[in-house]
Amino acid sequence: MGKVHLGTLLVAGSLLIAGSAAADGKFGKYANGEIRSGYTYMTPQSKAIQDDDVENPGMIWVDDGAELYEKVDGEAGKSCKACHGKAEVAMKGVATTFPKYDDATKKIKNIEAQVNRCRAKHMKAKPWKYESNELLAMTVFIRHQSRGMPMNVSVDGPAVKFFQDGEKFFNQRRGSLDLACKHCHQDHAGKLARANVLTQGQVNGFPTYRLKWQKVGSTHRRFRGCNKNVRATPYKYASEEYMNLELYVAWRGRGLPVETPAVRN
Amino acid sequence: MAKTKARVKVPKSVNKGEVFQVKTLISHKMETGQRKNKKTGKIIPRMIINKFVCQYNGKDAFVADWHPAMSANPYMAFYLKVGESGNLDFIWTDDKGNVSKKSAKLNVTG
Numbered sequence: 018m019g020k021v022h023l024g025t026l027l028v029a030g031s032l033l034i035a036g037s038a039a040a041d042g043k044f045g046k047y048a049n050g051e052i053r054s055g056y057t058y059m060t061p062q063s064k065a066i067q068d069d070d071v072e073n074p075g076m077i078w079v080d081d082g083a084e085l086y087e088k089v090d091g092e093a094g095k096s097c098k099a100c101h102g103k104a105e106v107a108m109k110g111v112a113t114t115f116p117k118y119d120d121a122t123k124k125i126k127n128i129e130a131q132v133n134r135c136r137a138k139h140m141k142a143k144p145w146k147y148e149s150n151e152l153l154a155m156t157v158f159i160r161h162q163s164r165g166m167p168m169n170v171s172v173d174g175p176a177v178k179f180f181q182d183g184e185k186f187f188n189q190r191r192g193s194l195d196l197a198c199k200h201c202h203q204d205h206a207g208k209l210a211r212a213n214v215l216t217q218g219q220v221n222g223f224p225t226y227r228l229k230w231q232k233v234g235s236t237h238r239r240f241r242g243c244n245k246n247v248r249a250t251p252y253k254y255a256s257e258e259y260m261n262l263e264l265y266v267a268w269r270g271r272g273l274p275v276e277t278p279a280v281r282n
Numbered sequence: 008m009a010k011t012k013a014r015v016k017v018p019k020s021v022n023k024g025e026v027f028q029v030k031t032l033i034s035h036k037m038e039t040g041q042r043k044n045k046k047t048g049k050i051i052p053r054m055i056i057n058k059f060v061c062q063y064n065g066k067d068a069f070v071a072d073w074h075p076a077m078s079a080n081p082y083m084a085f086y087l088k089v090g091e092s093g094n095l096d097f098i099w100t101d102d103k104g105n106v107s108k109k110s111a112k113l114n115v116t117g
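Going down the list, the protein sequences come from chains A and B. The number in the numbering used here is simply the position in the first sequence, starting from 1, with 17 added. The number in the numbering used here is simply the position in the second sequence, starting from 1, with 7 added.
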C-alpha cells in the first residue's frame with residue numbers, strides 16, 4: 018500500500034509541475050515563472066518586428082558585428098576570429114554568463130569591457146568608445162550567438178559584494194522624483210507611467226533596438242535614461258555603479274532567454 | 008554608420024503567376040531636416056533616402072518615392088508577381104546621390 022501511495026503522490030506531484038508549466042504558457046519562452054521579459058509587455062505590432070529577422074533593424078548591427086569580428090585591427094595584426102575561431106561556436110552561451118567578476122581588475126565586467134580589454138591586450142588596437150557603433154555592433158553580435166539560451170549569471174564567490182552593491186543601487190531612492198528602480202520595475206511593473214507600460218526592467222534583450230532611439234543602445238544608455246527621467250544625475254558609461262547594477266538586473270532576469278537584438282518601443 | 012547595409016528576403020522559388028512577398032531593410036539615419044544641432048542652433052540638413060526602386064531583369068517592378076517622416080533604417084515590404092526566372096535588383100538613392108544596391112536571384116517553377 019505504501020508503494021502505491023508513493024506512486025500516487027509522485028503522479029500528483031508531476032501533475033502539479035505540469036499544471037504550473039501550463040500556467041506559465043501564457044508568455045511561453047519569454048517568461049520564467051513570475052519573471053517576465055519586456056517582450057511580454059509589447060504590442061503585437063512591435064513583437065512582429067522583433068520576430069522577423071529581416072524586419073528587425075537590430076539585425077543590421079549583427080551583420081556589422083560579424084564583419085568586425087573577422088576584421089584584422091591593431092598592431093598585433095589579429096582579428097577576434099584569429100584567437101577565438103568561429104563565433105557560432107566560441108561565443109555560444111557567452112552572453113548568458115555576463116556580466117561577471119573579473120580577476121584582473123577585481124571588479125565586474127560586462128561584454129563591452131571584455132571586448133575592449135581584448136582589443137587593448139591581445140590585438141594592440143585602440144579600444145572602442147563606449148556606445149560607439151562598433152562596440153554596439155560587436156556586443157550585439159556576441160550576444161546574438163546565445164539567442165534563446167537562458168540567462169545565468171554567477172552572483173556567488175567574489176561577485177557577492179558587487180551583487181549586493183547592485184541590489185542596493187536598485188532599491189535606493191534617487192533624483193528629485195525620489196524614485197528607486199524598484200518602484201517602477203518591481204512594485205508597479207505592468208502599470209502605466211503616463212502612456213508607457215512599465216516593464217520589469219529586464220536586460221535579456223540588450224543591446225536592444227529601441228524605436229525611440231532609432232538604433233540599438235546598451236544597458237548603460239538605458240540606465241542613464243532612467244536616471245535622467247527621475248531627475249537624477251546619471252553615472253558615466255562603464256562606471257562601476259552601472260556594472261554592479263547590470264549584474265544585479267541580469268540576475269533578476271535569470272532564466273529568461275537572451276533575445277538580442279530585441280526590439281522595444 | 009557611414010556605409011549603408013541592406014537586408015533582402017525573397018522566396019527561393021515561386022510558382023509562375025504566384026503573388027509573393029519581398030522584404031527589404033536598409034540602414035540609414037534618415038535625417039529629417041527638421042532637427043537642430045543643440046550646440047550651434049543650426050538646422051541639420053535633410054539627408055534621407057528619397058527613392059527606392061526594385062527592378063526585375065532590368066525593368067522597374069516596384070518604385071517608391073520616400074519623404075521625411077520615414078523612420079531611420081527603413082523597412083519596406085511589397086508584393087510581386089512574375090512570369091519567368093530572373094534577377095531582382097534593389098536600388099536605394101539618397102539626397103546626396105549615394106546609391107546602395109543589392110540583388111537577389113529568383114527561381115520560377117511551372
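Because the hints were derived from the structure by calculation, they are not lab data. By construction, the Cβ of each residue, glycine as well, lies at the ideal position given by its N, Cα and C atoms. Certain hints may be false.
[Claimed, not checked] Cross-link-like lysine-lysine pairs, in silico, BS3-like; alpha carbons within 30 Å at most:
1) A:K103 / B:K108
2) A:K88 / B:K16
3) B:K19 / A:K229
4) A:K98 / B:K108
5) B:K109 / A:K103
[Claimed, not checked] To list a few chain A residues with every Cβ distance to chain B over 12 Å, as calculated:
6) V111
7) N213
8) V247
Results of checking the hints against the structure:
A distance of roughly 28 Å separates the Cα atoms of K103 of chain A and K108 of chain B; the hinted pair therefore holds under the 30 Å criterion. A distance of roughly 26 Å separates the Cα atoms of K88 of chain A and K16 of chain B; the hinted pair therefore holds under the 30 Å criterion. For the suggested pair K19 of chain B and K229 of chain A, the alpha carbons sit about 34 Å apart, so the restraint of at most 30 Å is broken. Our distance criterion of 30 Å between C-alpha atoms is met by K98 of chain A and K108 of chain B, whose separation comes to about 28 Å.
At most 30 Å may separate the alpha-carbon atoms for a hinted pair to count; K109 of chain B and K103 of chain A meet this at roughly 26 Å. With a least beta-carbon separation of about 24 Å from chain B, V111 of chain A lies farther than 12 Å from that chain, consistent with its non-interface assignment. Listed as a non-interface residue, N213 of chain A keeps its Cβ farther than 12 Å from every Cβ of chain B; the least gap is roughly 19 Å. Listed as a non-interface residue, V247 of chain A keeps its Cβ farther than 12 Å from every Cβ of chain B; the least gap is roughly 22 Å.
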